[in-house]
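Number of protein chains: 4
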Amino acid sequence: MSGNTFGKLFSVTTFGESHGPAIGCVIDGCPPGLPLSEADIQPELDRRKPGTSRHVTQRKEPDTVEILSGVYQGVTTGTPIALLIRNEDQRSKDYGNITESFRPGHADYTYWHKYGVRDPRGGGRSSARLTAPVVGAAAIAKKWLNQQYGTVFKGCMSQLGDIVVPFQDWSHVHDNPFFAASGDAALIARMEDAMDELRKAGDSIGARIDVIAQNIPVGLGQPIYDKLDADIAYAMMGINAVKGVEIGAGFKSVEQKGSVHGDSLTPTGFIGNNAGGVLGGISTGQDITVSIAIKPTSSIRTPRQSIDKDGNPVMVETFGRHDPCVGIRATPIAEAMLALVLIDHALMHRAQCGDVRVATPNIAPAMPPAAR
Amino acid sequence: MSGNTFGKLFSVTTFGESHGPAIGCVIDGCPPGLPLSEADIQPELDRRKPGTSRHVTQRKEPDTVEILSGVYQGVTTGTPIALLIRNEDQRSKDYGNITESFRPGHADYTYWHKYGVRDPRGGGRSSARLTAPVVGAAAIAKKWLNQQYGTVFKGCMSQLGDIVVPFQDWSHVHDNPFFAASGDAALIARMEDAMDELRKAGDSIGARIDVIAQNIPVGLGQPIYDKLDADIAYAMMGINAVKGVEIGAGFKSVEQKGSVHGDSLTPTGFIGNNAGGVLGGISTGQDITVSIAIKPTSSIRTPRQSIDKDGNPVMVETFGRHDPCVGIRATPIAEAMLALVLIDHALMHRAQCGDVRVATPNIAPAMPPAAR
Amino acid sequence: MSGNTFGKLFSVTTFGESHGPAIGCVIDGCPPGLPLSEADIQPELDRRKPGTSRHVTQRKEPDTVEILSGVYQGVTTGTPIALLIRNEDQRSKDYGNITESFRPGHADYTYWHKYGVRDPRGGGRSSARLTAPVVGAAAIAKKWLNQQYGTVFKGCMSQLGDIVVPFQDWSHVHDNPFFAASGDAALIARMEDAMDELRKAGDSIGARIDVIAQNIPVGLGQPIYDKLDADIAYAMMGINAVKGVEIGAGFKSVEQKGSVHGDSLTPTGFIGNNAGGVLGGISTGQDITVSIAIKPTSSIRTPRQSIDKDGNPVMVETFGRHDPCVGIRATPIAEAMLALVLIDHALMHRAQCGDVRVATPNIAPAMPPAAR
Amino acid sequence: MSGNTFGKLFSVTTFGESHGPAIGCVIDGCPPGLPLSEADIQPELDRRKPGTSRHVTQRKEPDTVEILSGVYQGVTTGTPIALLIRNEDQRSKDYGNITESFRPGHADYTYWHKYGVRDPRGGGRSSARLTAPVVGAAAIAKKWLNQQYGTVFKGCMSQLGDIVVPFQDWSHVHDNPFFAASGDAALIARMEDAMDELRKAGDSIGARIDVIAQNIPVGLGQPIYDKLDADIAYAMMGINAVKGVEIGAGFKSVEQKGSVHGDSLTPTGFIGNNAGGVLGGISTGQDITVSIAIKPTSSIRTPRQSIDKDGNPVMVETFGRHDPCVGIRATPIAEAMLALVLIDHALMHRAQCGDVRVATPNIAPAMPPAAR
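Protein sequence lines correspond, in order, to chains A, B, C and D.
Per my numbering, residue 1 is the first one in the first sequence, and the count goes up by one each step.
Per my numbering, residue 1 is the first one in the second sequence, and the count goes up by one each step.
Per my numbering, residue 1 is the first one in the third sequence, and the count goes up by one each step.
Per my numbering, residue 1 is the first one in the fourth sequence, and the count goes up by one each step.
Among the hints, a few may not be true.
Said to hold, decoys possible - Interface residues of chain D toward chain B, partial, derived using beta-carbon atoms under 8 Å: (1) 9; (2) 31; (3) 32; (4) 79; (5) 183; (6) 347; (7) 350; (8) 351; (9) 352; (10) 353.
Rather than coming from a laboratory, the hints here were simulated on the basis of the structure.
Built from N, CA and C at the ideal position, the CB exists for glycine as well.
Let the sequences and hints guide you as you build the complete structure.
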């Protein structure tokens, strides 16, 4: 209720501040009988952790996860699974005057006015570091969904500032530091140059991230409010720095005619996927396709006009180690949020309609990713 | 939990199908002591009702609302307020073969596979008609927010298919059938022509809608998941036919640098509103600004390729009366959803932080609407 | 969240005041495919309605239920089911000075101080009349549980004031106006005399009600907070006038030794049912057995010392038509609440563990009722 | 939703198993600005911890609590507060054949059938050890309630098996190992003898616990389902081993007449407190009074008839260290649950009605405790 729990049936309650003793989460509702150990979770954490290239924050956080409960003899028991990640690299001295003044574009101002108190160390609770426990929880969700339905998640950066990255193949995503689904070396070099320039200038840039889920049963989602796409929008807009969310054709559908937008059905499946895998709030069995806009990092070295707590004008400069593009590490996070939405709806569907209906032969096979 | 309730503290549970006996909702959590009668609600319903121009469905629904509970001697009592709207114009005969086959782009397919049964009359539960009770509930929310904080809501259509409508002034919104904030007669004529042509062609088109809320206290929203913008995205994506949501600069922020995107603060307020009134998930006190993409109506007269319940290929034609652009009537609905999100967060903030903090002098006055 | 919704997966949101235009509820989460019409619901409403004997209020309410949504061609569709009951016999003139003063033992005082406004007509929202929609909703729950598991519900009055009613057989429950499971004509006569005397004296009396559910699958309930017995206690204590709840051996377990209390297991089932069908918060497959204490009606003709809204001393006399023992009509209500708890847990169990586990061969057959 | 979170606005999500690496909880919704450190929490944990007298389990658990988040510079920030307690004394070898068979009266049987897997070490999740994090969370709730309203909590054991403990004075509660509110040395000696005898016999016994809350504002609680007393019943019945709950006069109200039960009002307060401080589900401002029945410990040394996982008959003996009366340590736990219910309702009331109404002059001062 106070906004730190995600999901209703597979609920993830997170805690922690960027520079406090620890961060973590409690996962309530994981079905029993799933084989699970830290080895299932750590690789997903490693995908999002800082310090993996020169284009992301150089803060060193091993982000080693410990399972505190809910697993017995390597199998989930149906009781809450607590994940704990101790904070290690807590250099707080770098934050300059930001404890007394507000960074433009940052949560400093709103936390202060909401609570009357805030933890300024590393952004406190508003730090993107708090996505780590979620990625950990989603690793469990992904494993379960994969076992049940063969579901897989894929994601890539499709735009970095004004550099558009045409989709080539998912296999490229891990060959470059940007999660770009492209094998175009010149394009990757352009991206690296753009990042180097920004870093020197003490500035930052936005990005667009695409994620998809494949092999989803038909029927997930609720008819009016807890629509599958509504919950996806909620999940994505809740990621730090996200300012826009699209499902399927997204904003392109504004200019489409109905005769073009509506994906025709054939006995062997849908033709096209403007729907993004959701019709009337319920999954069609096609790929779920989502695209998000990530704003530029608000903590930059460039001095900017602001005010302090007493309302006096000040210039704010942020020191410390920040990602010049928070979008770079956002791909695994967006995948994670999508996985959390889907497992919640899968469990809800099971409550409402039982196991059987999920097994309905899917006459709507997933579209090839390139068809987006 | 089963997706028919919106909001946690000001909860709206809706019921009804397009062509069943009645539609309505139960509002739980309206604060006591608010003067209220049907006269506060009916005008909002009239703004969204069908049959007001030739560009929307000619279905005639008076949509007369009755308050069944929660009000005594003209004042809310703190107990649930039930709103009832009887369905009157239930011509079901026009629906042709759609009871046995699935319209492309429509919820027919997913409802059938989820539930194994569906009410095909007028789209059943998936009909946009179900936004009527929500608009009714939001009329109450708007009144309360206005009394408490002076909050006002404004909305307009900013794009119809490929016709962009440059913002001129809110005063124009009610002078044309499109909710366009423009006094440009030639532009309005172009829109009318485009709609007439579509109607003749038996096709439909998408639209973009902008809504804002002004005079919002600083501090509404939760830090991690129930962020104000996440809940807005959830609310907007849940509206029938919405495929994309933006807050503030939205997808434009992908190409922005941090030094440009971050709204600077001065002792008299923010400069710019790329944030759309939300930082770190919490309201800044600026205008909340939201933009949504609405797909073209999926029920069109043009015959399309589809399948029937048994998976056999069929051609589907939809008869009956449909909006060729569901976006035309979407403006009051989007305003309504925004109002429901805001009252919920206002009550939650009061729970967490008490009355006092809401009264914090707002050093961040709302930006003029034109500054979007 | 504001306390007018019962249940999480089979959610019942009620509305209405005793003497307002209507009462009713919206049921969200009823599984699709259940055959349903008003004829399934009305008989349960008739069991609790007033005016059926001289021992209950003579208020005449036909309590005719109308299904407004969620059913198509005689089958539930998975969408919300709204039930509407119009109020008809609204004689408000009988309530004397109670609009300005507070009846001892009644909600008048607390509603006034909580909300600053209250609907005094017939007790407004605090009237036991508001149990009618719940009984209606529970009729649907009972039907589903019976189809799935063969579950049946039984209830009886086991004590009226100081008259204890020894259990003989469930078949007697409908042969007397008290829901007594006894064929002892002399005992029934004693109860009738006691009630006549009370009515003449303008006073009221308490009662004890027992309810059981038979044929419940093993495994329903959550380990820590949403224990099956905790949710039953919540449901029962929420019934108007209830002051105590017991599961299984209840308060008798205070004096029991562990070697006596713990029900032994054998290959063919449990020996004894001190547990009341719940161990560690989870159903054992035995009968669920519950007992509740109902306080005497607070609206009595006997004048009593009280205060008015301004804090001045007054004498309060209640006129109008009241049950001298609200416990008499409480049996179907207690059964209804038990049914609502069980369907919610049945759906939750299905979400968590799937259909299969519910089918686990139950080596713990229900105990015969007499074994309580 | 999956039953490991208590409370809606002050939500406590617990995790952990008796003999796993750690237990703990995440508290979401604690208002900001409350001074807080481990020193506020540890004393409450110490009141319930094992090993404090020979009458409770000799298991040694220091139960040292660590705050992981939500506190900055000694003050709560409004973000989640995570409490961690490492398990230290994990002697698992003592449990004999209970990993393969089911103890009568214990959750072994139901966990196994629900989940298909269970952690048998020390009772796993069903251990009373899991009340420790709740007591820790409640220490925070108590502190906040005390600061806001001067609320205080008191509790005592009023019956041990068949030994009734007449209430003398709260000051005695900490002078004996039973939380008895009695200075009668002979009575205490009788209780000690009874416990020694039980321990020797390898058996266990039940108990009755009373708890009260004083200085509660009028107006807390919801009208229909989330009644204050319903939520208290839920909280209390959820404590391990509780089989019955009473509010105010409880089961005694069955035999009371309305003219006796209803507490009269005078300009200076209520006369009597049969209501237990709740009318119509809403607090009156009087003391909240609650009484609970605790069954005898189910883990006893006496051999008992049972079955193993395969349904074969076995004799079960429990070794290891168990409380012969779990009721002895239940008093601080019952206080804790009451505190958690009250803070949740206090915050909810603030959401609904704002700060002001809580300050309504309370014309209903709390009754002296002895008046129960």
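Hint-by-hint comparison with the structure:
For the restraint placing residue 9 of chain D at the interface with chain B, the shortest Cβ-Cβ distance is roughly 5 Å, inside the 8 Å limit, so the hint holds. For residue 31 of chain D, the suggested interface contact is upheld, since its CB lies about 6 Å from the closest CB of chain B, less than 8 Å. Given the 8 Å rule on beta carbons, the hint for residue 32 of chain D holds: about 7 Å separates it from the nearest Cβ of chain B. Taking 8 Å as the C-beta cut-off, the interface hint given for residue 79 of chain D holds, the closest approach to chain B being about 6 Å.
Restraint check, residue 183 of chain D versus chain B: the minimum CB separation of about 42 Å is more than 8 Å; hint violated. For residue 347 of chain D, the suggested interface contact is upheld, since its CB lies about 4 Å from the closest CB of chain B, less than 8 Å. Given the 8 Å rule on beta carbons, the hint for residue 350 of chain D holds: about 5 Å separates it from the nearest Cβ of chain B. Below 8 Å, beta-carbon pairs count as interface contacts, and residue 351 of chain D has one with chain B at about 4 Å; its hint therefore holds.
Because the beta carbon of residue 352 of chain D sits about 6 Å from the nearest beta carbon in chain B, less than 8 Å, this interface hint is met. The beta carbon of residue 353 of chain D is positioned within 8 Å of a beta carbon in chain B (closest approach about 7 Å), and the interface hint is therefore held.
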